[in-house]
Amino acid sequence: RISCAGYPTRRTFYEFLHRFGILAPDAIEGNCDEKAACKRILEKKGLIGFQIGKTKVFLRAGQMAELDARRTEVLSVAAKTIQGKIRTHIMRKKFVSLRKASVCFQAVWRGTLACKLYDRMRRQAASVKIQKNQRGHQARRSYKLQVSSVLVIQAALRAMAARNEFRHKKRSKAAVTIQARYRCHRAHSYHKKLKAAAIVAQCRWRGRIARKELRKLKMEARETGALKQAKDKLEKTVEELTWRVQLEKRMRTDLEEAKAQELSKFQSSMDALQAKLDETNAVLLKEREAAKKAIAEAPPVVKETEVIVQDTEKVHTLKAEVDELKTSLQSEKQRADELEKKRSEEAQANEEKQKKIEETEVKIRQFQDYLRRLEEKLSNVESENKVLRQQAVSVAPAKILSGRSKSNLQVSQLVVMFYPLFHLGQYIGNIHCFLIFAEECGKWSCIS
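Residue 30 is where the sequence shown starts when you use our numbering, and the numbers rise one by one after that.
Keep in mind that the hints were calculated from the coordinates and are not lab data.
DSS-like mimics (lysine-lysine), calculated; alpha carbons at most 30 Å apart, straight line:
| # | residue 1 | residue 2 |
| --- | --- | --- |
| 1 | LYS294 | LYS198 |
| 2 | LYS294 | LYS371 |
| 3 | LYS322 | LYS173 |
Keep in mind it's a predicted model, so treat the numbers as computed, not measured.
Between the sequences and the hints, there should be enough to build the whole structure, so can you do that?
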């Protein structure tokens, strides 16, 4: 109470520097001591009456509020400077965008003028060409009548060859995309398997460490009976964690089996599509060879028209087959996209579960630290009780009767000593501290 009345606010050196190092950054620069840095900050701000201990800074009433007010002033000044810089940046950005827009508008207008000039020149050149072509049309008419039949045949053959090359390129491109998707899927599945195996190994190792800690806690809990309930709670949490880990393992195995089934279906569909592609390629090769033979063996021009008609019918049938293959590929792509979406959702669920497991581990560690502190306090209290019992046994009955006032004083000292434990138990929601307080008070009342 005296220390709270004199120096109500206490902060460690690290907390003080972390919070109020903004007020005097010159004091923090260099490899200076934390204690010296705290002292420099307080002296620069003109505070009087503070004290610096070994690990903490002790401040009088109202000094913490004054430091917080000065800290808020420094932060507000910094915020104003940042706002000014950002506003200048925004105005500069607007100016640059307006300048770019004006430049683009000028370029477009100049381009339209150039286009108009170019159209005028092109029209003049076109009129000259029309006159020239009209004069040469009559001379070329007789020659065109003789060459037209040859040109028609050549154009048809070249168009057919171009279509065939285009189809071949398109199919080869589709096959390459399918292969790339499949390899990507295989690599992704292998990565997921490695990740799942690493998670399982981590869970097992953490479980092993938790079991070792549980064994240590059980060995320590045989001497203290008041901590059994806390240890039972820890065991329940560990069992719940193991049960959750087992459930996650089962869910992962089920998901892996479903993924394997989907992959097998996808592989079968890919094999069927590959077989269809091979068949169509073989048919196309045969048709090319037949067309080449027909072109080599065809004597007149009139008979070649029937071959062209047959080729066009075959081309239409092949187009229909290619459309069917495209629809099947699109359906397979949609299935692959759905599978990827499901995998992403499962990955998000696994990440959320991992976060929950990490949070539970942090809570368990905090609870273990709390139990260790309580055990240390209990060991200290038990040692003091043993010493006091030995003193009480050694004292005679008459001296005990005459020394009631002293025992009452000792009881009051014990109450003052155990009162923080009782308050801590109320704050955390644990009743062990209150039971220890009641047992010790009862023992001392019997001795008195």
